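Peer 1: Chain by chain, the residues run as shown.
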Amino acid sequence: MTAAQAITPPVPPAPPAAPAPAARRLAAGTRLAWLHLRSRRVPAALLALALLGGALRAQLHWHLMSGGALAEQGPMVIEAGAAVLVAMTAHSPFGEAERAAGRWLPYLRLGAALALTGIAIGALQLGVTGASVPGGVLVLARNVIGIAGIGLLASPVTGGLLAWVPPLGYLGFAEYALSQAWRNPWTWPVRPPADRGAWICAVLVFAVGLAAVTVRGARTSLADNG
Amino acid sequence: MTAVALTQRTARFRPARALRLEIKHSAVVWVLPVLAALCYVNAYRTAAGYPPIWTVRASVITGANLVFFSVIAAGIAAWVATREGRRKTGDLLATTARAAWARQATVLAATAFWNVLAYLAGVAVIYIQTALQATWGGPPLWPVAVGVVGVAASCALGFTCGTLFPGRFTAPIVAVAVFAAWFAGVSAANSVNPNDVINLTSLKGAPALLVPAVGRPEDIEAGVYYHVPPDVSIAQVMVMGGVLLVMAGLLALLPAARVPGIRGLLPFAAGRRLTVVALAGIACGVAASATAFWMAGTGQYSLTTGWQIPALHDAADGQPVPYTPDCTGSAFTVCIHPAFAPYLGAMSAALQPAAAEIAGLPGAPVRAEMTMGYYALPAVAGTTAVYDYSPEYEEYGEASFWATPAMARTADWEQGMQQGFITWFVSGPAEQDSPAPTPAQQAVAIALLAKIGASVPPYPQFSQPGTQSGASSVSTTPGGSETQPAASAAQITAAATRLESLSSGARRAWLAANMAALRSGAITLAQLP
Chain L
114 MTAAQAITPP VPPAPPAAPA PAARRLAAGT RLAWLHLRSR RVPAALLALA
164 LLGGALRAQL HWHLMSGGAL AEQGPMVIEA GAAVLVAMTA HSPFGEAERA
214 AGRWLPYLRL GAALALTGIA IGALQLGVTG ASVPGGVLVL ARNVIGIAGI
264 GLLASPVTGG LLAWVPPLGY LGFAEYALSQ AWRNPWTWPV RPPADRGAWI
314 CAVLVFAVGL AAVTVRGART SLADNG
Chain U
78 MTAVALTQRT ARFRPARALR LEIKHSAVVW VLPVLAALCY VNAYRTAAGY
128 PPIWTVRASV ITGANLVFFS VIAAGIAAWV ATREGRRKTG DLLATTARAA
178 WARQATVLAA TAFWNVLAYL AGVAVIYIQT ALQATWGGPP LWPVAVGVVG
228 VAASCALGFT CGTLFPGRFT APIVAVAVFA AWFAGVSAAN SVNPNDVINL
278 TSLKGAPALL VPAVGRPEDI EAGVYYHVPP DVSIAQVMVM GGVLLVMAGL
328 LALLPAARVP GIRGLLPFAA GRRLTVVALA GIACGVAASA TAFWMAGTGQ
378 YSLTTGWQIP ALHDAADGQP VPYTPDCTGS AFTVCIHPAF APYLGAMSAA
428 LQPAAAEIAG LPGAPVRAEM TMGYYALPAV AGTTAVYDYS PEYEEYGEAS
478 FWATPAMART ADWEQGMQQG FITWFVSGPA EQDSPAPTPA QQAVAIALLA
528 KIGASVPPYP QFSQPGTQSG ASSVSTTPGG SETQPAASAA QITAAATRLE
578 SLSSGARRAW LAANMAALRS GAITLAQLP
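As you go down the protein sequences, you meet chains L and U in turn. For the working numbering, count along the first sequence from 1 and bump the result up by 113. For the working numbering, count along the second sequence from 1 and bump the result up by 77.
Be aware that a few hints might be false.
[Unchecked claim] From the derived model, a few chain U residues whose C-beta atoms are all more than 10 Å from chain L: (1) Arg122; (2) Leu194; (3) Thr601.
[As the list claims (entries may be wrong)] Part of the chain U face toward chain L, derived, beta carbon under 10 Å: (4) Val108; (5) Phe145; (6) Ala252; (7) Ala254.
FYI, nobody ran anything at the bench for these hints, they're computed from the structure. For clarity, every value in this text was computed on a predicted model and none was experimentally measured. The beta carbon of each residue, even a glycine, is placed where N, CA and C say it ideally should be.
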């Protein structure tokens, strides 16, 4: 080997063709969404929603909560559980750092909350397929939407990890309203399926909660990492 | 004092100080407003709608109140149990000299302290309100014991779940699971309660009795004429106390509670004494719950004292409670049990005009007395000078002592009592054996009630749709051993109007002459003047 040969660098292999910008953006976006969902424990929430759907099915099949107002109160508890799961996925383990770095964060929050609410309704409806749930799918959907809205609305104040407390408090109130046959629209769990006022209240609460979570996110504390 | 002694003293574990610190910084404090709101809505308001009878009012504290306190207590305890994982203090705490289970037990105790304190505060509010209104008896304490043990057991259950499965969804899932479990138990418990008079005496107890029932209690007289035996409450305490012991034992045994303890991961590696104590606690808990479950299955229903469990029953609990009735009025005396003394004024205001209207007629009573028994019918009119009325029996007026004293002071309630009284007076044996008075008896009762300004009772003919236009029924009269012809509401009303339009003397004269025949069912609608 001559000296000239020794100092001549080898020709590097040609780089692979770069992916098209659109495909690259799509892959990055998918990865970003997936990481966002994982950080919010959405896969675990989906598993829990499936379990709740099964629980609702079991409750209706074996008449575990029947007789009087319990026939309505029982499904309401399961629906509240599903709604609470939606609200609790608002918690972020990253805190301020995530807020400062991610400009897509509000959209991710919005999409995650909307998608999970829809999945919650679908999972519960799937669980009661072939069975009769009081009020039908309309009441089921309204309860999930409204109670999830309460949880989302509470999460900027209580933090995502404690966002289950206000919805369960409202559930306790709704159980009393049901036993007392109250008719106010803001006691939507006790209203008929087609009650317009109840729908307006439930959707309004959900919209406000969704907006609050989208814009501000759940309150985070560096001490809490769930 | 030497330096060594000082060091030893400061190194000694002081659980009271640790507990005080945990209580001071407990997260349960932030949940107290929710608990207060739930207690107000579900317990206080419900209790305020019940008559001021201690046993009846106390039913709410083991009903909805216990359910909602248990739900929140279990959830918040699960949340608290995950604290070390959330805050990533495991490695830091692993270097402390005290085992993890002791630290966890302190946290659990602080959580249970706040929840039980909140529960007791709610009970105190309800009991103070009752004490201000009740006129007889005292606060039942066994329901309070049931509630306290129930809340503590829920805390232990939630805490153990939170320790076993630390995660963000543990707290709500535990809370919802406790909620659903309560409702499933309540559904089972309600199914064995005596709602059906026909099957009452054949009812047997069931393990579902271990779950406190939710909703209006079955018996307004519970604890009034007879002491309520604490049998069921004892069984409930045993079951929930058993759960508490099992959870505490599991917590001490769980590797999760020992990491980052000082002795390692294996259950038997953290000290033989602790392991033995924990296993003994679990065994005792299982034994207590299983025994209570078995005993509840042997329960039997008594018409006077409610559910009894033979193995726990004390015969002294079945003795009647002596009392002196409160009475008012001279010509017609109205007496009432002192527990219902707030109703005496309303009862007297209702019955005095009705008694004056029928005074002097054959079989007219001179006294009204409250007697025990939902299922015992009053003595037949005409054979007694005393009108017996029961606090449970909702007669034609549908007015009962389930109304609060304030509601009893309304015209509707008084008219209801008058309707029941006059219907009893004109019906005689027919009321005992027939679902409704005969048309003639109805017409007379309507006429007498109209004279004192009371409305028409909801007799079958008047309760059906379109009653005024001619709905009719056939009335069987056992006393007269014949079947009266059908009569519509309009025909009965017309006959009542004719009788009412007579002069007072003529009406009284006809009633005095025909009251016995009317009661026996021998008089038809057409025979009325």
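Peer 1: Now tell me, hint by hint, if it's right for this structure.
Peer 2: Results for each hint:
Not every CB of chain L is more than 10 Å from the CB of Arg122 of chain U (nearest about 8 Å), against its label as outside the interface. Residue-level check passed: Leu194 of chain U sits 18 Å from the nearest beta carbon of chain L, beyond 10 Å. The claim that Thr601 of chain U lies off the interface holds: its Cβ sits roughly 43 Å from the closest Cβ of chain L, which is beyond the 10 Å cut-off. The beta carbon of Val108 of chain U comes within 6 Å of a beta carbon in chain L, closer than 10 Å, and the hint placing it at the interface holds.
At a threshold of 10 Å, the smallest CB-CB gap from Phe145 of chain U to chain L is about 5 Å, leaving the interface hint in force. With a least beta-carbon distance of about 6 Å to chain L, the hint placing Ala252 of chain U at the interface is held under the 10 Å criterion. At its closest, the beta carbon of Ala254 of chain U sits 8 Å from a beta carbon of chain L; the interface hint therefore holds under the 10 Å criterion.
Violated hint: 1 only; the structure is consistent with all others.
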